[in-house]
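Enquirer: If you read the protein sequences in the order shown, they are chains X and Y.
Going by the numbering used here, the first residue of the first sequence is number 12, and it counts up by one from there.
Going by the numbering used here, the first residue of the second sequence is number 173, and it counts up by one from there.
Keep in mind that the hints were calculated from the coordinates and are not lab data.
Be aware that one or more of the hints could be misleading.
Straight-line alpha carbon distances no greater than 20 Å define the calculated DMTMM-like cross-link-like pairs of lysine to aspartate or glutamate that follow [what the hints assert, rightly or not]:
1. Y:K273 to X:E70
2. Y:K241 to Y:D179
3. Y:K242 to Y:E189
4. Y:K241 to X:D49
5. Y:K273 to X:E90
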Amino acid sequence: NAGVTQTPKFRVLKTGQSMTLLCAQDMNHEYMYWYRQDPGMGLRLIHYSVGEGTTAKGEVPDGYNVSRLKKQNFLLGLESAAPSQTSVYFCASRQDADTQYFGPGTRLTVL
Amino acid sequence: SQQGEEDPQALSIQEGENATMNCSYKTSINNLQWYRQNSGRGLVHLILIRSNEREKHSGRLRVTLDTSKKSSSLLITASRAADTASYFCAPVIPGGTSYGKLTFGQGTILTVHP
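Whole structure, please, built from the sequences with the hints as guidance.
Expert: Here you go:
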């Protein structure tokens, strides 16, 4: 039981490049979330999903897209990366209880 | 906003001492959760206290909740160097905060010196 995993762990992009961050959970959770964490800002919600095939916007969705084609996976895409998207990205999942389970994070740098 | 605000922003203590962190919030809540984040790692759920509870214990952790003052505190007793981390509170408003979204403050950075 791996819990929540994220790939890659680190990535460096040039401005304008695209990439996809993968989040996978093996707990059969319905809800999944993508957050970003910046110094002095706490965690901010980017997008979330309440089940397979559904997605919704969070607090800071601009510049990101997501997909939840399979229940266990939640993908976060950056179509044209910008330096303002340099951050640490965390995925989380939960079932019925309010407790969220977090992945280890992806550190992204956009040059 | 249902964001919790942690206080103090930073706390430095010696191993063996107790550490107390506070959280204030602005709206009625369903429950309040505390999470820990070790440097460079994801958040780990520590404890959840419901609005009808006043105190809850888990190992060396003690959480209190005062809904009249809209505040909570997290006490770590007999601290260890391994407790060095950032601690976040997340108040959850009734109705599931739109599908259970959590809103985090900036956290309290706890440093425990050996």
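Enquirer: Taking the hints in turn, state whether each one holds.
Expert: Against the structure, the hints:
With a C-alpha separation of about 10 Å, the suggested pairing of K273 of chain Y with E70 of chain X holds against the 20 Å cut-off. For a cut-off of 20 Å, the pair hint linking K241 of chain Y to D179 of chain Y stands: about 15 Å separates their Cα positions. Annotation: proposed proximity of K242 of chain Y to E189 of chain Y is violated, straight-line Cα distance about 27 Å (limit 20 Å). At roughly 30 Å between alpha-carbon atoms, K241 of chain Y and D49 of chain X are farther apart than 20 Å, so this suggested pair is violated.
Proposed proximity of K273 of chain Y and E90 of chain X is contradicted: the alpha carbons are some 25 Å apart, above 20 Å.
The earlier numbered hints that this structure contradicts are 3, 4, 5.
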